[in-house]
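Colleague: Here's the letter readout for the chains.
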Amino acid sequence: MKVTNKKKSQPLEPEANHPGRENSEAETKYRVLFEQSPDGILIIDTDGKILDFNEAAHRQLGFTREEFAGFKISDIDITESPEDTRKRIETLLKNGSAEFDVRHRTKDGKIKDVHVITRTIVLSGRPVFHTIFRDITAQKRTEQLIRQSEEKFRTLFESATDALFILSPEGKFLDVNRTAHERLGYTKEEMLSLCLSQLDPPEFAARVSERLQHVMKHGHAIIESAHRRKDGTVMPVEINTRVIDYDGGKAIFSIIRDITDRKRAEEELKELNARLQALIHAIPDLVAFKDTGGRHLVVNRALEEFTGLRQDELIGRTNADLLPPELLESCDKSDEEVLRSLMPVHYEEHYAGEGGKKRYFDTVKAPIFDGPDDVAGIVTVSREITDRKKIEEQIRASLDEKEILLKEIHHRVKNNLNVIASLLNLQMRCITDTRLVDIFHDCQNRIRSMALIHEKLYAKGDLLEVNIKEYVVSLISSLSSLYLGDKNNVVFRTDVRDISLDIDTSIPCGLIVNELVTNSIKHAFSGRGSGQIHIAFYPDGRNYTLSVKDDGVGLQKDFDLAGSETLGLQLVQVLTQQLGGTLKVIVDGGTEFRITFDGQASGPEI
Amino acid sequence: MKPARVLIVEDEMIFALDLKQGLKRGGYETCELTATGEKALANCERQRPDIVLIDINLRGQLSGIETAREIRERFSIPAIFMTGYADEKTRRDAEVAKPAGYFIKPFEIGKLIEVLDSVVENRP
Numbered sequence: 001m002k003v004t005n006k007k008k009s010q011p012l013e014p015e016a017n018h019p020g021r022e023n024s025e026a027e028t029k030y031r032v033l034f035e036q037s038p039d040g041i042l043i044i045d046t047d048g049k050i051l052d053f054n055e056a057a058h059r060q061l062g063f064t065r066e067e068f069a070g071f072k073i074s075d076i077d078i079t080e081s082p083e084d085t086r087k088r089i090e091t092l093l094k095n096g097s098a099e100f101d102v103r104h105r106t107k108d109g110k111i112k113d114v115h116v117i118t119r120t121i122v123l124s125g126r127p128v129f130h131t132i133f134r135d136i137t138a139q140k141r142t143e144q145l146i147r148q149s150e151e152k153f154r155t156l157f158e159s160a161t162d163a164l165f166i167l168s169p170e171g172k173f174l175d176v177n178r179t180a181h182e183r184l185g186y187t188k189e190e191m192l193s194l195c196l197s198q199l200d201p202p203e204f205a206a207r208v209s210e211r212l213q214h215v216m217k218h219g220h221a222i223i224e225s226a227h228r229r230k231d232g233t234v235m236p237v238e239i240n241t242r243v244i245d246y247d248g249g250k251a252i253f254s255i256i257r258d259i260t261d262r263k264r265a266e267e268e269l270k271e272l273n274a275r276l277q278a279l280i281h282a283i284p285d286l287v288a289f290k291d292t293g294g295r296h297l298v299v300n301r302a303l304e305e306f307t308g309l310r311q312d313e314l315i316g317r318t319n320a321d322l323l324p325p326e327l328l329e330s331c332d333k334s335d336e337e338v339l340r341s342l343m344p345v346h347y348e349e350h351y352a353g354e355g356g357k358k359r360y361f362d363t364v365k366a367p368i369f370d371g372p373d374d375v376a377g378i379v380t381v382s383r384e385i386t387d388r389k390k391i392e393e394q395i396r397a398s399l400d401e402k403e404i405l406l407k408e409i410h411h412r413v414k415n416n417l418n419v420i421a422s423l424l425n426l427q428m429r430c431i432t433d434t435r436l437v438d439i440f441h442d443c444q445n446r447i448r449s450m451a452l453i454h455e456k457l458y459a460k461g462d463l464l465e466v467n468i469k470e471y472v473v474s475l476i477s478s479l480s481s482l483y484l485g486d487k488n489n490v491v492f493r494t495d496v497r498d499i500s501l502d503i504d505t506s507i508p509c510g511l512i513v514n515e516l517v518t519n520s521i522k523h524a525f526s527g528r529g530s531g532q533i534h535i536a537f538y539p540d541g542r543n544y545t546l547s548v549k550d551d552g553v554g555l556q557k558d559f560d561l562a563g564s565e566t567l568g569l570q571l572v573q574v575l576t577q578q579l580g581g582t583l584k585v586i587v588d589g590g591t592e593f594r595i596t597f598d599g600q601a602s603g604p605e606i
Numbered sequence: 001m002k003p004a005r006v007l008i009v010e011d012e013m014i015f016a017l018d019l020k021q022g023l024k025r026g027g028y029e030t031c032e033l034t035a036t037g038e039k040a041l042a043n044c045e046r047q048r049p050d051i052v053l054i055d056i057n058l059r060g061q062l063s064g065i066e067t068a069r070e071i072r073e074r075f076s077i078p079a080i081f082m083t084g085y086a087d088e089k090t091r092r093d094a095e096v097a098k099p100a101g102y103f104i105k106p107f108e109i110g111k112l113i114e115v116l117d118s119v120v121e122n123r124p
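Chains A and B, in that order, give the protein sequences.
In this text, residue positions in the first sequence follow the numbering used here: the first is 1, and each later residue adds one.
In this text, residue positions in the second sequence follow the numbering used here: the first is 1, and each later residue adds one.
A portion of the hints provided could be inaccurate.
20 angstroms max Cα-Cα, derived SDA-like pairs, lysine to any residue [as the list claims (entries may be wrong)]:
{"#": "1", "chain 1": "A", "residue 1": "Lys250", "chain 2": "A", "residue 2": "Ala221"}
{"#": "2", "chain 1": "A", "residue 1": "Lys333", "chain 2": "A", "residue 2": "Glu305"}
{"#": "3", "chain 1": "B", "residue 1": "Lys24", "chain 2": "A", "residue 2": "Gln427"}
{"#": "4", "chain 1": "A", "residue 1": "Lys407", "chain 2": "B", "residue 2": "Thr90"}
{"#": "5", "chain 1": "A", "residue 1": "Lys460", "chain 2": "B", "residue 2": "Glu108"}
{"#": "6", "chain 1": "A", "residue 1": "Lys487", "chain 2": "B", "residue 2": "Glu108"}
{"#": "7", "chain 1": "B", "residue 1": "Lys111", "chain 2": "A", "residue 2": "Arg429"}
{"#": "8", "chain 1": "B", "residue 1": "Lys89", "chain 2": "A", "residue 2": "Ile404"}
{"#": "9", "chain 1": "B", "residue 1": "Lys89", "chain 2": "A", "residue 2": "Leu406"}
{"#": "10", "chain 1": "A", "residue 1": "Lys460", "chain 2": "B", "residue 2": "Ala86"}
{"#": "11", "chain 1": "A", "residue 1": "Lys407", "chain 2": "B", "residue 2": "Ser76"}
{"#": "12", "chain 1": "B", "residue 1": "Lys111", "chain 2": "A", "residue 2": "Leu482"}
{"#": "13", "chain 1": "B", "residue 1": "Lys111", "chain 2": "A", "residue 2": "Gln556"}
{"#": "14", "chain 1": "A", "residue 1": "Lys407", "chain 2": "B", "residue 2": "Ala86"}
{"#": "15", "chain 1": "A", "residue 1": "Lys407", "chain 2": "B", "residue 2": "Glu108"}
{"#": "16", "chain 1": "A", "residue 1": "Lys402", "chain 2": "B", "residue 2": "Tyr85"}
{"#": "17", "chain 1": "A", "residue 1": "Lys172", "chain 2": "A", "residue 2": "Ile280"}
{"#": "18", "chain 1": "A", "residue 1": "Lys460", "chain 2": "B", "residue 2": "Asp87"}
I should point out that these hints are in silico values taken from the structure, not numbers from a laboratory.
Build the full structure now, drawing on both the sequences and the hints.
Modeller: So, in structure tokens, the structure goes:
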């Protein structure tokens with residue numbers, strides 16, 4: 001195909017290397033090359049006017065041949081001003097050729113980056129510029145992206161809080177970021193003049209070469225090492241390395257993390273762990289940590305001794321592997337309970353040890369947590385309490401024995417008092433004087449009221465206190481039987497609360513009731529057919545009140561209790577004193593003796 | 001009518017003597033005072049009392065309950081128990097001897113004589 005320029009009558013042909021128009025073969029070859037070139041080709045005159053263009057130029061810029069016909073180079077070149085173009089043409093005419101990048105405008109308004117190679121040739125006897133341009137828009141875009149990427153990398157590289165090295169495979173610093181050189185106390189230039197082995201303390205420096213080879217072979221590695229600062233101090237580091245393509249070759253990219261704090265924490269943890277281990281081993285109780293699957297993770301020496309197995313033999317074993325059958329069920333059950341409830345459990349267990357001897361254990365189990373709701377396992381502490389159990393049994397047996405003895409003593413005291421009462425009976429039968437017989441009877445009743453206290457003490461298991469209600473009922477029954485026999489002319493009413501008193505309080509109370517009831521039976525109803533005796537005992541705050549009241553003839557108005565020579569009333573007064581209480585006599589349609597005493601007093605006020 | 005004879009089995013001899021005098025006043029004859037179960041069995045064999053008044057807690061091999069049971073089985077003599085222990089267990093244990101009465105010490109002699117009278121009246 002022949003390209004023509006309508007402004008020209010003849011197509012333009014290069015003359016520089018093909019002198020002679022007659023060489024049509026060379027022309028044909030040139031035209032083929034001209035048209036088939038993938039790059040755009042323009043023939044431009046010294047005024048900047050486009051004289052000819054090839055198919056690629058048409059295709060790349062989108063202008064029709066007709067449009068091209070009137071174009072100057074400045075119509076498509078948006079980079080240069082007409083003045084710039086003029087200067088470039090002058091330079092070209094002077095130098096003969098040039099190579100440069102400009103930007104072309106296409107017909108549809110797009111801007112393309114182009115690389116231009118232009119040479120001055122002579123066509124039809126005048127100089128023109130044979131201009132080849134190549135679309136480098138994509139290449140420019142790529143270069144821009146690379147540049148942006150490089151900028152981003154550089155920003156990240158420099159602003160990283162971890163130290164970053166780029167090392168040659170031999171360990172020479174190719175690049176370091178600010179954190180790296182500042183942390184080590186060097187300037188960047190100083191760092192770049194060093195090798196890695198110069199940075200490592202001797203114990204690590206010796207292995208630098210080996211480590212670099214390892215990284216180059218495997219492509220990456222995470223290494224713990226140490227770096228020496230410019231001031232000589234050493235900092236433990238963790239180096240995360242990776243082989244990268246760098247500057248047309250291979251390099252090692254390293255992220256260096258200062259692990260001083262971590263190392264310190266690890267050391268502290270190690271120290272703490274060692275202390276805990278020492279503590280756990282020093283505990284004489286059996287201690288074990290188990291995971292949620294029941295496998296032993298930690299055991300102490302006591303457990304080793306108990307099982308006869310070494311620590312390494314115990315770790316990973318379960319209850320079923322280690323425990324005697326009697327303990328297995330309770331142990332499994334309590335493990336389950338701890339894991340279910342997430343609360344500690346406390347229980348006693350026992351099994352038949354060597355020779356069938358029972359061994360007792362006091363066991364506490366508690367959950368171990370990794371997080372608030374994340375149970376990691378169970379800690380078990382078992383204390384052998386066999387000796388304590390034995391002592392407890394001995395103490396219990398001893399207490400039982402003492403209780404029996406105490407019961408026996410009370411029984412014996414009661415029997416002896418009854419023997420005394422019998423002796424008085426025997427003596428009474430030898431006496432004919434009824435006044436004396438009465439005195440003997442009174443004495444006998446006093447003795448029996450005391451004997452009744454001892455009977456009540458041993459009859460009820462407690463041995464320390466007497467139920468005053470039961471006691472008064474028994475005493476009234478005894479006195480009624482003795483003085484009234486089958487006669488029912490005197491009615492007894494009791495309002496005694498269910499109160500227990502110790503022996504020091506109950507004996508004086510019993511004797512007082514005995515004296516006052518006897519007194520009422522004997523004297524209150526003289527000349528009367530019947531009467532009523534009311535016995536009350538009740539608490540009033542911290543005090544107790546004991547009252548014996550009859551509806552009999554009543555004492556004389558001028559009755560002087562303090563001056564009374566009656567033994568019974570004298571006893572009532574001294575016993576009230578023994579109780580630390582007060583005695584009040586109320587004569588109002590009968591007689592009431594009212595004794596009030598402190599129920600919580602430690603002892604009598606005598 | 002010949003007064004009924006009571007064998008008192010009691011190791012507390014002053015109490016036994018008091019009982020003996022009280023029973024005598026109540027119109028009863030008493031056998032030789034006996035302190036142990038073994039001697040009680042021998043005296044029953046020898047003296048054949050009408051009633052045995054026996055303490056539950058006796059010194060010696062035989063308890064009052066065992067002795068009363070054997071006396072009842074061997075001689076068909078009724079027994080009345082006396083005890084210082086007023087607890088339910090002692091009372092339940094005593095039931096095996098099918099006693100004719102049960103008295104907790106100290107007791108009124110008059111009450112005892114009433115029971116004795118009743119036993120004597122109802123004896124076969």
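Colleague: Hint by hint, say whether it matches the structure.
Modeller: Status of the hints after comparison with the structure:
no.	hint	result
1	Lys250/A <-> Ala221/A	15 angstroms, holds
2	Lys333/A <-> Glu305/A	24 angstroms, violated
3	Lys24/B <-> Gln427/A	15 angstroms, holds
4	Lys407/A <-> Thr90/B	15 angstroms, holds
5	Lys460/A <-> Glu108/B	23 angstroms, violated
6	Lys487/A <-> Glu108/B	15 angstroms, holds
7	Lys111/B <-> Arg429/A	18 angstroms, holds
8	Lys89/B <-> Ile404/A	16 angstroms, holds
9	Lys89/B <-> Leu406/A	19 angstroms, holds
10	Lys460/A <-> Ala86/B	10 angstroms, holds
11	Lys407/A <-> Ser76/B	35 angstroms, violated
12	Lys111/B <-> Leu482/A	10 angstroms, holds
13	Lys111/B <-> Gln556/A	37 angstroms, violated
14	Lys407/A <-> Ala86/B	13 angstroms, holds
15	Lys407/A <-> Glu108/B	24 angstroms, violated
16	Lys402/A <-> Tyr85/B	18 angstroms, holds
17	Lys172/A <-> Ile280/A	50 angstroms, violated
18	Lys460/A <-> Asp87/B	8 angstroms, holds
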